Amino acid sequence: MIVVEDLHKTFGANKVLRGVNLHVPKGQTTVIIGGSGSGKSVLMKHIIGLLFPDQGRVLVDGEDLCALSESDLVRVRRRFGMVFQGAALFDSMPVWQNVGFALLQHTNMPHGEVMEIARERLEWVGLNADVMERMPAELSGGMRKRVGFARAIAMDPEILLYDEPTTGLDPVMSDVINRLVRSLQERLGITAVMITHDMVSAYYVADHIAMLYLGEIVQSGTPDEIRASREPLVRQFVTGDSTGGVYQVR
Amino acid sequence: MAQQSTSNPFIAFASSVGQVTLDVLSEVGSVSRYMYQAAREGIRPPFRVREIFKQMEAIGVNSMPVVLITAIFTGMVLALQSYTGFKRFSAESLVGTVVALSMTRELGPVLTGLIVSGRAGASIAAELGTMKVTEQIDALVTMGISPVNYLMVPRIIAGIVMLPVLVVFSDVIGITGGYLVGVHVLDANPTVYIKRTFDYLEVADVMGGLMKAAVFGGLMALISSYKGFMTEGGAEGVGKATTGAVVLSSMAVLISNYFLTSMISR
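Protein chains in written order, with the numbering used here: chain A, 1 to 250; chain B, 1 to 266.
Treat each hint with caution, since some may be false.
Listed next, the in silico DSS-like pairs over lysine-lysine satisfying Cα-Cα at most 30 Å (straight line) [what the hints assert, rightly or not]: (1) B:Lys240 to B:Lys54; (2) A:Lys15 to A:Lys45; (3) B:Lys195 to B:Lys87; (4) A:Lys15 to B:Lys240; (5) A:Lys45 to A:Lys26; (6) B:Lys195 to A:Lys45.
Here are some of the chain B residues that sit facing chain A, going by a computed Cβ distance under 10 Å [to be verified]: (7) Ser26; (8) Pro46; (9) Ser90; (10) Thr130; (11) Gln136; (12) Leu140; (13) Met143; (14) Asp205.
In case anyone wonders, no lab produced these hints; they're calculated from the structure.
Just so it is clear, the structure is predicted and the values come from calculations on it, not from any experiment.
Cβ atoms here follow ideal geometry from the backbone N, Cα and C, with glycine treated the same way.
Next up, chain B with everything else stripped away, as it sits in the complex (with noise of 0.2 Å):
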């Protein structure tokens, strides 16, 4: 009976999807668990500051260099890219307001997000995927610490407050070099591109931008952690969960960033 189940391609291709979907289905599921304890160690002591400002360096300052050169490299590609579709209905000028724009509401998180979720989200699932497969995560609870407390809350909180500053630098940095390109390649008018960028440009467009990383800082880090925390195996299993990682990390920025987006647009 098996047998003819399995055979018949309809019934294998639906048992497939169901499968994936149990799957899906049972990492969220996993994932909001521990997100609920992570909130709820969060707000009870310890607080662990030192930790914090550990995980604030190396999630935040460590990654400031790959943004920034990200960022700069981006606005620079979107002046020219918005100058040679501007100029076909002449409108050149407004070329440093796409720029802000784009840089604040979306460019800047989204590729912050991405970025940090690569190069912190895998240092975070390598680090604990290691600290699980050699028993420490085990020493830790043997020794009356909460690995969330000790390990994930701070992570969090660190992803949290560092992408949005992460993005602040990425948005000038951004605007910046949207500036170089459109006066310096482009001859735009200096006064007009600033005035330009500035015009049209609000307090809710960067705000949104913020409000959008800090989700993404936090996600990355709680799914991060939750992929170190899953870890078993040895090398394999570290290498696996560092790669599952990043890939949920870039979906969750992806994903969140759409329905955040819609959110805040209203």
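Isolated chain A (complex conformation) (with noise of 0.2 Å):
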């Protein structure tokens, strides 16, 4: 469903990626993990054409997002779904605008109509209809996370992005979360990427897992092969090993 092929993108003299290749298969979760500036972020920005490359392309289902015209680009980010790291919500709106702005932005919707969606939505990420009329800025980190999860499932996306979810959460709400993305994925069958460094968010809601170092994957495969790996800087990733060259300086 995704392809990224030979993906370099450089931020001044900071090289971050340095030739990605990444088959991401339709219907399944795939789990990008890697140290902290690794490129993780940014190789996801590219995937729904935040960022565009030095060199090489990425294809949804086919089309190379690089040659797109605007208003192609516009068309294929319609079929994603985004949860960001920090929730991202419009603090300005409360929660069910947050939750259907898409939907009126891009359709003729009645109020009472998106409405409804954003509280079958909020509903389906464990929040009640209490929450609706709230602001972003009187939710708690989980709370917000889940509106973010609400929003990004609003538009019945095809592809939906993961931006470290669990990051800054505690266990319990990490577990939440990953349910929460492993529900979606059976419920709805989307595509999923998902960045994090978060080992137990990996093994839980992956199909496939691939690590980033130093802008490269170094290696893919399924969650039990990632576990079982014997690269060195896999597995001192996956294991949490403070020793090794996961850290190593560019």
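Could you fit the two chains together into a complex? Lean on the hints.
Dropping the structure here:
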């Protein structure tokens, strides 16, 4: 469904991506792991066309994002939903407007119907209708993440991108989020890409795991294959060992 | 070799001038690119009427008190200063004329432009800068919504519409301030003062000031939105963007004022 081919990206003197190749199969969850600064977020921004590569390409169902016109890019982006690390809720509007924002912008749906969809999506992520009129600043971190989930699935996307969805959450709330990711995938058959450095989360939600190191994929495989990996960098990362090369200076 | 070059004070100076020139040109180029994009998207649907009205309130209505206070005291001090000067050659009766022409042609638009740059420009840059660093702008893009269309265009339209409105109030209040000082402090004859105020004031004076105000409003909103979009880093980045927006908008008001005045005065 999504193919990343030989992706290179440099910011100033900093080579962030150095030839990434990745295949994201349809209807499955692919998790990209890697240390801080390994290029995970930059890779994800290329997948949804927020950034464009210096070299290489990203294909979504065969369409090269770099070759698309602005309007075609908008059409492709609308197939995606994205859950941001900090939720990225619009703090000037209440929860229901956040969740229904894309519907309000792209459709002529009456407000009542949008509110109904928002209420339903919030219910899917375990929030009740009480939060509908609250402002994002009045929500806890976990609730904000879940509202971010509800917003990402409001337009029934085919592809969901998760940017470190469990970062900054306590273990119980992390588990809630992991189950949510899994249940959305099972319920909606969504193709998902998640970036994380939380291995509990990665093992729980992933059908495939790819490890990014210094801007390159060093290994990819099923969770079991990654768990049994003999690649030193992968072993160091998944076991959380501080002695090794994962944080080698570029 | 490089060390030799930088140790030469002339080359070091030329190099720093060159770097500053490049930075300024690059900034002007980026702002121009956004201006083109905003112009293109401003004439294409969706037209965000609700957002435009919201911004008209933020930029215009909310700036009204500070603009009016500035205007009345400017008119008052202008009357005092011109009276002092004109008294030296017995031309006190022209105080009303000077206050009216100065307010409508110059002080009304420029002071309003500067005040709105400080108040609304800072607010726009801080709001959009915070949206940028908290990924809210990325979220808009991922939902297929153009940030220029959704955030920048309504602010520019609101700036272009509301600055002239503010200037109308500023002109009226400034002239009133001049009248109050002229008549009640300097003992001018009220009828003569009012007659002198309007004898030499032409519609073109007022319209010229309003045209300048519209340009100032558009520039202020464009530059402040641009600074917000370019914000990087956290709170420090938002602070820098806000300061940059105020400085650049104020400079744009002052510099464009000269060229607009020279065009209008022809």
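Hints versus structure:
1. B:Lys240 to B:Lys54: Roughly 25 Å between the alpha carbons, so the hint for Lys240 of chain B and Lys54 of chain B holds.
2. A:Lys15 to A:Lys45: Within the cut-off at roughly 16 Å; holds.
3. B:Lys195 to B:Lys87: 19 Å, holds
4. A:Lys15 to B:Lys240: Holds, because 27 Å separates the two Cα atoms, which is no more than 30 Å.
5. A:Lys45 to A:Lys26: 19 Å, holds
6. B:Lys195 to A:Lys45: 66 Å, violated
7. Ser26: Since the shortest Cβ distance to chain A is 14 Å, the answer is violated.
8. Pro46: It holds, given that the least Cβ distance between Pro46 of chain B and chain A is near 8 Å, below 10 Å.
9. Ser90: Interface hint status for Ser90 of chain B: violated (59 Å vs cutoff 10 Å).
10. Thr130: 8 Å, holds
11. Gln136: 5 Å, holds
12. Leu140: 8 Å, holds
13. Met143: 4 Å, holds
14. Asp205: 40 Å, violated
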